[in-house]
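Colleague: The listed protein sequences derive, respectively, from chains A and B.
Take the first sequence: its letters are residues 641 to 976, numbered as in my numbering.
Take the second sequence: its letters are residues 641 to 976, numbered as in my numbering.
Think of the hints as simulated: they come from the structure by calculation, not from any bench.
A couple of the hints might just be wrong.
[What the hints assert, rightly or not] Pairs of lysine to aspartate or glutamate residues, derived as DMTMM-like cross-links and limited to a Cα-Cα distance of at most 20 Å, are as follows: (1) A:K772 with A:D715; (2) B:K955 with A:E882; (3) B:K894 with A:E950; (4) A:K894 with B:E944; (5) B:K894 with A:D946; (6) A:K894 with B:D946; (7) A:K894 with B:E950.
2 protein chains.
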Amino acid sequence: MKSRSFELLDVTLRDGSHAMKHAFTVEQIRQTARGLDQAGIGYFEVSHGDGLGGSSLQYGLSKVQELQLIEAAADVCENSKVSVLLIPGIGIKEDLQDAVKAGAKMVRVATHVTEADVAAQHIALGRELGLKTVGFLMMAHMAPVEKVVEQAKLFESYGAEVVYVTDSAGYMLPQDVTEKIAALKQSIGCEIGFHGHNNLSMAMANTVAAVEAGATYIDGSLRALGAGSGNTQTEVMVAVLERLGFNTGVDLYKIMDVANEIVAKFMQRPQEITGSSLIMGYSGVYSSFLLHTQAAAQKFGVDERDILVELGRLKAVGGQEDLIYDVAQQIALARV
Amino acid sequence: MKSRSFELLDVTLRDGSHAMKHAFTVEQIRQTARGLDQAGIGYFEVSHGDGLGGSSLQYGLSKVQELQLIEAAADVCENSKVSVLLIPGIGIKEDLQDAVKAGAKMVRVATHVTEADVAAQHIALGRELGLKTVGFLMMAHMAPVEKVVEQAKLFESYGAEVVYVTDSAGYMLPQDVTEKIAALKQSIGCEIGFHGHNNLSMAMANTVAAVEAGATYIDGSLRALGAGSGNTQTEVMVAVLERLGFNTGVDLYKIMDVANEIVAKFMQRPQEITGSSLIMGYSGVYSSFLLHTQAAAQKFGVDERDILVELGRLKAVGGQEDLIYDVAQQIALARV
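Excised from the complex, chain A in its bound form (with noise of 0.2 Å):
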């Protein structure tokens, strides 16, 4: 069996908390993360959804204080650590600082793919704050291999020891994740990590594909615990690994027990590729695009789908909220 050679993390408390409408309480939150440590997992992430500071109207409000899911599940771990995601601009230096406090080892600052430069500070105060620090570049489907290796490398000239490798969208098919994984590795010195999504049932696949073109860190939620479709499944993939001859160091029964007894018992739906998250992943688009994309597709009397699929060719990024009515709208002339 080939050495432990990557970090496997655990996003079920962060990008779970789409799912659960960030409504986790302390008490889910002690008993995963009690699982997870128990089972060899390394590193696992706590925040909100939308990382620190999420919790406001726009990005749904959390249910418990995110710091004190934050010490809640640090206070329960003898080994595993606990990581937080930042996306400047949503949480502020402040919140690095106060989740420190709270016990947390490791922050992921993220950013959109092409605009790893607003993250310079953060970064910086990450390794200040003696924290493993990890830079995200998110929709990473929307960037060329050479755009993704030059954001990489600022990531990397800013103190990132990490730098990952995003499917937000669960666009990704395995040959895009094997070119810029494999082209990361030829070009920056810092390890890479690789994040996936399921809406085209491809997380696993992709994964994989991560792993064998060197990512050292990969993402996974249990029962697939995330937004859209999910995340690849954790305890699905520490199966995978074995199979392929890695040692995750994970500990196979005990972390499908904390999936199947703890984190199924508590979840709100079941993570299923439905027509909205398939057509998410098959247009690149991101899911908080969703819920303005139903509403105007009612308005001008359109199908959703027409709607996401062109904003996946038009590049719509985040901030571009209001492009989904102009383009409701010229499907609507175009009919005419």
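Put chain B on the given structure of chain A with help from the hints.
Modeller: The following block gives chain B in isolation, referenced to the frame of chain A:
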């Protein structure tokens, strides 16, 4: 776009019978069949989950007699053709003759991967009746490549026009699929098919591997409805194959609508990767062993996963259910 180079065969109304506890109604069949027909699916399968004649105390009684379901499906189709599954020993030749009278145009004669020889007469009958006739090698992960080739050649010699590699337990990984399909491509003249299950979250990647290695028949089911963790999800497959540049001949929105507006509404439970289905994919044991294994685990106070993993190592096959209790007892004794 590449021209349509394969048949996408939908098994919702046959493999899905397992997940529905064989309780399909005429109306469910009619609505789904009409949707499949309108979406442009070439063939879809209607039978008891264990094929013609499967309705029994041993395999589960069907709510509605399958000939009635086959007739209802054939009745509403303008272009799609109805396939039936036949496992020699469960179904008999008379069942096939009746199915043809009810409107079936294809038969898939299924045997364990090492037992193609029991299918000779049924394959011959299929041809005689003018059906598109397929040989279906179940549990294909249990035999090495050479054996699969040997058995496929038998099927071909009996008159099969297509031979399937069937990953009944959801155990296979893409490399295994590629090797087996590529070897068949080199060794036999008839067409090659692939049928996947999602126990390791690899059904879609396996399907793509099969197509890339030369398979021209691929199976899927709507919303993944099927045994274990379900099948390759048909509507997602259409999206992925389009993204890869194949012309599937299937209308993406229409197939999504059948999945989400019809099938999702009558499913008894979502198709998730649970503890049991994961461990079956991990160990390569077919789902029919599960109930006995759970009973044996309870009787001997051992973990059902240990039993399944050991059964997989022993390459247990259907009919060896007694072995389950022996294995459970040995695990219990070894622990003392």
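Colleague: Decide, hint by hint, whether the structure agrees.
Modeller: Structure-based check of each hint:
1. Distance check on the hinted pair: K772 (chain A) and D715 (chain A) sit about 19 Å apart at the alpha-carbon level, within 20 Å; holds.
2. Distance check on the hinted pair: K955 (chain B) and E882 (chain A) sit about 19 Å apart at the alpha-carbon level, within 20 Å; holds.
3. Simply put, K894 (chain B) and E950 (chain A) have alpha-carbon atoms about 18 Å apart, close enough for the 20 Å limit, and the pair holds.
4. Among the hinted pairs, K894 (chain A) with E944 (chain B) is consistent with the structure: their alpha-carbon atoms are about 14 Å apart, no more than 20 Å.
5. Note on K894 (chain B) and D946 (chain A): the hinted pairing holds, with a Cα-Cα distance of about 13 Å set against a maximum of 20 Å.
6. Only pairs whose Cα atoms come within 20 Å are accepted, and K894 (chain A) paired with D946 (chain B) is accepted, the gap being roughly 13 Å.
7. Pair hint K894 (chain A) plus E950 (chain B) holds up; C-alpha atoms about 18 Å apart against a cutoff of 20 Å.
Against the hints set out earlier in the document, no violation occurs for any number.
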